[in-house]
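Trainee: Could you build the full structure based on these sequences and the hints that come with them?
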Amino acid sequence: MTSANPGSAAHLLDVEDLSVSFTTPRGRLHAVDGVSLTVDEGKTLGIVGESGSGKSVLARSIMGLTEGRGGSVSGRVRLNGREIQSLPPRELRDIRGREVAMIFQDPMSSLNPVLRVGRQIAETMVRHLGFSKAQANERAVELLSQVGIPSPERRVRDYPHQLSGGMRQRVVIAIALACEPRLLLADEPTTALDVTVQAQILELLATQQQQRKMGMVLITHDFGVVASRSDEIVVMYGGQVVERASSRELLRNPMMPYTSALMRSIPTVDRPIHSRLSVINGRPPDLVARPSGCRFAPRCPKAQARCTEEVPPLAEASGNHHYRCWFPDDASATAVAMGQEAEAGAADGG
Amino acid sequence: MAGSGTAHLRDADRALIRVEDLVVRFRASRNRYVQAVSGISLDVIPGETVGLVGESGCGKSTTGRAIVQLPPPTSGRVLYDGVDLTTLDAKQVRAIRPELQLIYQDPISSLDPHMTVEQIVGEPLDIWKRGTQASRRVLVAETLEAVGLDPKATLDKRPREFSGGQCQRICIARALILEPKALILDEPVSSLDVSVQAQILNLLEDMKDRYGLTMIFIAHDLAVVRNASDVVVVMYLGKVCEVAATEDLFASPAHPYTDGLLASIPQLRASRNGNGSQPRTLAGELPSPLDPPSGCRFRTRCPRAAGRCAEEEPTLRAAGDSGHHFVACHFPLVEAALAPTAAGPAVAGSE
Amino acid sequence: MAHYLVRRFLYLIAVLVAVTFTVSLMLSLPAGDPAQVLAGPEASAAQVDAVREALRLDRPVVERYIDWLGDAVTGDLGNSLRTNEPVIDSIRDRLPVTLELVILGQLLALLFAVPAAIFAAYRPGRPADAATTVSSFLMISSPSFIVALLLIRIFSVELGWLPTGGWVPLSENLGDNLRAAILPVIALALEPAGIYQRLLRSDMRRTLDEDYIMMAEAKGLGPRTILLRHSLRPSSFSLLTMIGIVSARMVGGSVIVETIFGLPGIGRLLIDSIGFRDFVTVQGVVAVIAVAYVVVNSFVDVLYGVVDPRVRVDAAG
Chain A
53 MTSANPGSAA HLLDVEDLSV SFTTPRGRLH AVDGVSLTVD EGKTLGIVGE
103 SGSGKSVLAR SIMGLTEGRG GSVSGRVRLN GREIQSLPPR ELRDIRGREV
153 AMIFQDPMSS LNPVLRVGRQ IAETMVRHLG FSKAQANERA VELLSQVGIP
203 SPERRVRDYP HQLSGGMRQR VVIAIALACE PRLLLADEPT TALDVTVQAQ
253 ILELLATQQQ QRKMGMVLIT HDFGVVASRS DEIVVMYGGQ VVERASSREL
303 LRNPMMPYTS ALMRSIPTVD RPIHSRLSVI NGRPPDLVAR PSGCRFAPRC
353 PKAQARCTEE VPPLAEASGN HHYRCWFPDD ASATAVAMGQ EAEAGAADGG
Chain B
2 MAGSGTAHLR DADRALIRVE DLVVRFRASR NRYVQAVSGI SLDVIPGETV
52 GLVGESGCGK STTGRAIVQL PPPTSGRVLY DGVDLTTLDA KQVRAIRPEL
102 QLIYQDPISS LDPHMTVEQI VGEPLDIWKR GTQASRRVLV AETLEAVGLD
152 PKATLDKRPR EFSGGQCQRI CIARALILEP KALILDEPVS SLDVSVQAQI
202 LNLLEDMKDR YGLTMIFIAH DLAVVRNASD VVVVMYLGKV CEVAATEDLF
252 ASPAHPYTDG LLASIPQLRA SRNGNGSQPR TLAGELPSPL DPPSGCRFRT
302 RCPRAAGRCA EEEPTLRAAG DSGHHFVACH FPLVEAALAP TAAGPAVAGS
352 E
Chain C
143 MAHYLVRRFL YLIAVLVAVT FTVSLMLSLP AGDPAQVLAG PEASAAQVDA
193 VREALRLDRP VVERYIDWLG DAVTGDLGNS LRTNEPVIDS IRDRLPVTLE
243 LVILGQLLAL LFAVPAAIFA AYRPGRPADA ATTVSSFLMI SSPSFIVALL
293 LIRIFSVELG WLPTGGWVPL SENLGDNLRA AILPVIALAL EPAGIYQRLL
343 RSDMRRTLDE DYIMMAEAKG LGPRTILLRH SLRPSSFSLL TMIGIVSARM
393 VGGSVIVETI FGLPGIGRLL IDSIGFRDFV TVQGVVAVIA VAYVVVNSFV
443 DVLYGVVDPR VRVDAAG
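Protein chains in written order, with the working numbering: chain A, 53 to 402; chain B, 2 to 352; chain C, 143 to 459.
Rather than coming from a laboratory, the hints here were simulated on the basis of the structure. Wrong hints could be hidden among the right ones.
Over 12 angstroms on every C-beta distance to chain B, these chain A residues come out as not near it, computed from the model [what the hints assert, rightly or not]: (1) H63; (2) F74; (3) T75; (4) L81; (5) G101; (6) R134; (7) L167; (8) V178; (9) N189; (10) C231; (11) S330; (12) A355; (13) T360.
Each pair of labels, with its calculated beta carbon distance range [what the hints assert, rightly or not]: (14) Y153(C) with Y212(B): 50 to 56 angstroms; (15) R454(C) with D157(B): 58 to 64 angstroms; (16) T88(B) with I387(C): 46 to 52 angstroms; (17) T306(C) with G122(A): 51 to 57 angstroms; (18) P47(B) with A258(A): 44 to 50 angstroms; (19) G79(A) with S191(B): 29 to 35 angstroms; (20) T383(C) with T360(A): 52 to 58 angstroms; (21) G94(A) with E143(B): 54 to 60 angstroms.
Backbone N, C-alpha and C define an ideal beta-carbon position, used for all residues, glycine too.
Mentor: Written as structure tokens, this is what we have:
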């Protein structure tokens, strides 16, 4: 079940009930299950989840990159009101790199090792904007300078292995921005980088986004990154959206136990040292043989009988805060949810 | 920032591990060398956990390996329980190994995929001929339980059947089965998921209590290091920037690099800059280790750098008034509360 | 870079010395009198002595080798024991034939293999892939002499399109030269073609799984660009290595083809000389083949650097 996407105006990105599954020797693997979300121009949506949550597969299927790799996709993805799922391959290729661009996690493996960096930036412009090679090269130098690479005229002739990790990621960003996309999907853009470089890159992305008024989807496992950089946060678990709210609201008032548990298990710098971290026992769910009921129930400290029987729907609490839980942490939220379930006082206090 | 100096070392007879002026040099090509570690010193008191933190290229992993002589450092002393390991021959070093174990970053590739868990965890006992067949089996089972694995469910399986977190538990069991005195952990949780990280960190705390371990915890994640360590050593480009008791380091960092590192942690933003202004990120790139900056190596990115920083390499000296807080900087953020001469060697004389 | 080339050159010398010395050494191996063996059972004592004299068999092996080496670098590979003609002349006459066969053979093999591999890698599991797989395996498993005989049977005997054998040098008549070369080249190229196709297809499949290919797709690039510009080069390393190795094997393989088609190449020269126990020629031909092999492989080494920038010796270090 999904909750309806709010807003009458067309969103920049509108994902409706997207599901992606793969055939594996063990059976059908459901990587993404009924995900809906929206992104607006100039805003950042943060998607947070651990490995196996489906967040990367989600990003790739928005770009249409999963079907060629054995994924079967259902649901709708609309970019600026235009449905892109059903587009013929050639038109889809026109959109990729042009209207929506993607940044991958590891810049060393996402850049072609045998091609010069300038070439890899220029080829998108030649392809999409009809630039000549010379024009594209000039623009590539400009882009390198915009992403903060010193001596861009020299760097443009370098190969990826001649650059440091931070610089490579800047090149990847330059490639993504080259054709002035409306939407940027950043899949763990800083995970492979040092923390000081991470800060620089996030800063760069934020600046570029502001200047170009792009919508951005920031996918990460790092709550800190998502908290400080997104307007809205979506938490994913087991292929589903389990909570969605504005970042301020989510940090203040997480309702789904997974979200709170996740936030508590991260070592932060304001807790006493040598503290025992709060743990989420167990392992991420098997996406082939899925648990019946709530995907998180096997690991949830508050699980009840109902949790293992029925999958909770994505319910809405006040203030556009959605959560997927029968017994959420916030008492006031259950009052709203009860309107949908007509069950009284079943909430187990937090 | 230079990491020269030994002002921060405590009495030699108190330390279980004491590293003095460690230098590790690698050959980059025909006649060019990289000094991964350029004269660092640190010490660890029994029962203590020292966190060694820094970004890529700072030399922390190399330091960890040099301590266990894998491979032996280019120069410097590594004293374990009073004995300088660098002066021992291979056989003598080998004899120490049961007491000083290393845990690696990637748990999955640290395990031989062809061996069963029982063989893996039991191998150290075989190598060192401890106990009998029967007693070994018992000890393996006990150790597996201690690290949170069910022996019945794991003994006969092979590493590929386990997750990253479980593999790391197996590695820890393997390291602990010889009841070492000290553990050197090289990024033990970096490749694990967040929720699993928490489990492993808790496990390490438990093991430390149970086995009375002394640890050197190498990591790039400051929050992780903070949770696990008593003392933190911050490294940059082969040198030590700052050494302090954990709370002091985080509460009042003395070195501009440490300050920059802390400012870069996304989570920390809100609490340190409550007014919501964007904190400054550390500018610039890591200089090439083949050709590090003269004087203080951090000066090319330091907002406080002055002429002196290019000419003279700073040595570690006292900072703050907590007693165990040292910084290698000409213009630290926190000066020594007492007069400089009382705290450490004179500033002149770099390495 | 210069340092690198000097090292390669020294390596070349070392290999050549090792190979040719080993050949020299072989004379000392058989039981009995090597001169007698070489001269043959019907030779008179005088003839045996002549052989011993010519080959300096009474000297120690190292000295003998050094003498040979000294002569060889000035181009004197001795005289054939059979015809008494300078070995270097026979080689000079016959080398171009073999070279032409080998070069055309490699080109033909690649002409088939590269497009077939790309196609198969792009659509794995589909009919095109299956078809090329089967044909590659057929090509690899067919012995070249059977193929050669089959080709002669069909194209020369039945259809009469092409000659059954014989050679027309390039300098005389291009058309006739090519007509003489086609069948032998096909026979020679068959096995390498199959090997190259399998190798390249497998490497390309692996490359296509890489993140940078997905990145290229995410940029909106089309399949042709991705296949040709982004995946071909990173997938060619094994192929390059193989080309180097096959070049040497082809010279050996050319023996069969040259014999069946009656072509005056050095493969046939080698086999004939062995049959005639013409040791001097054998030593000379082996030396030439060894040189060719090392040169080709050094060239392949340099090509690695061209294809993969990570391998290049950086001037800046």
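Trainee: Give a verdict on every hint.
Mentor: Evaluated hints:
no.: 1; hint: H63; in the structure: 26 angstroms, holds
no.: 2; hint: F74; in the structure: 20 angstroms, holds
no.: 3; hint: T75; in the structure: 21 angstroms, holds
no.: 4; hint: L81; in the structure: 16 angstroms, holds
no.: 5; hint: G101; in the structure: 10 angstroms, violated
no.: 6; hint: R134; in the structure: 34 angstroms, holds
no.: 7; hint: L167; in the structure: 23 angstroms, holds
no.: 8; hint: V178; in the structure: 29 angstroms, holds
no.: 9; hint: N189; in the structure: 24 angstroms, holds
no.: 10; hint: C231; in the structure: 27 angstroms, holds
no.: 11; hint: S330; in the structure: 7 angstroms, violated
no.: 12; hint: A355; in the structure: 16 angstroms, holds
no.: 13; hint: T360; in the structure: 20 angstroms, holds
no.: 14; hint: Y153(C) with Y212(B): 50 to 56 angstroms; in the structure: 54 angstroms, holds
no.: 15; hint: R454(C) with D157(B): 58 to 64 angstroms; in the structure: 49 angstroms, violated
no.: 16; hint: T88(B) with I387(C): 46 to 52 angstroms; in the structure: 50 angstroms, holds
no.: 17; hint: T306(C) with G122(A): 51 to 57 angstroms; in the structure: 53 angstroms, holds
no.: 18; hint: P47(B) with A258(A): 44 to 50 angstroms; in the structure: 47 angstroms, holds
no.: 19; hint: G79(A) with S191(B): 29 to 35 angstroms; in the structure: 32 angstroms, holds
no.: 20; hint: T383(C) with T360(A): 52 to 58 angstroms; in the structure: 57 angstroms, holds
no.: 21; hint: G94(A) with E143(B): 54 to 60 angstroms; in the structure: 59 angstroms, holds
Consistency with the previously given hints fails for numbers 5, 11 and 15, ordered from lowest to highest.
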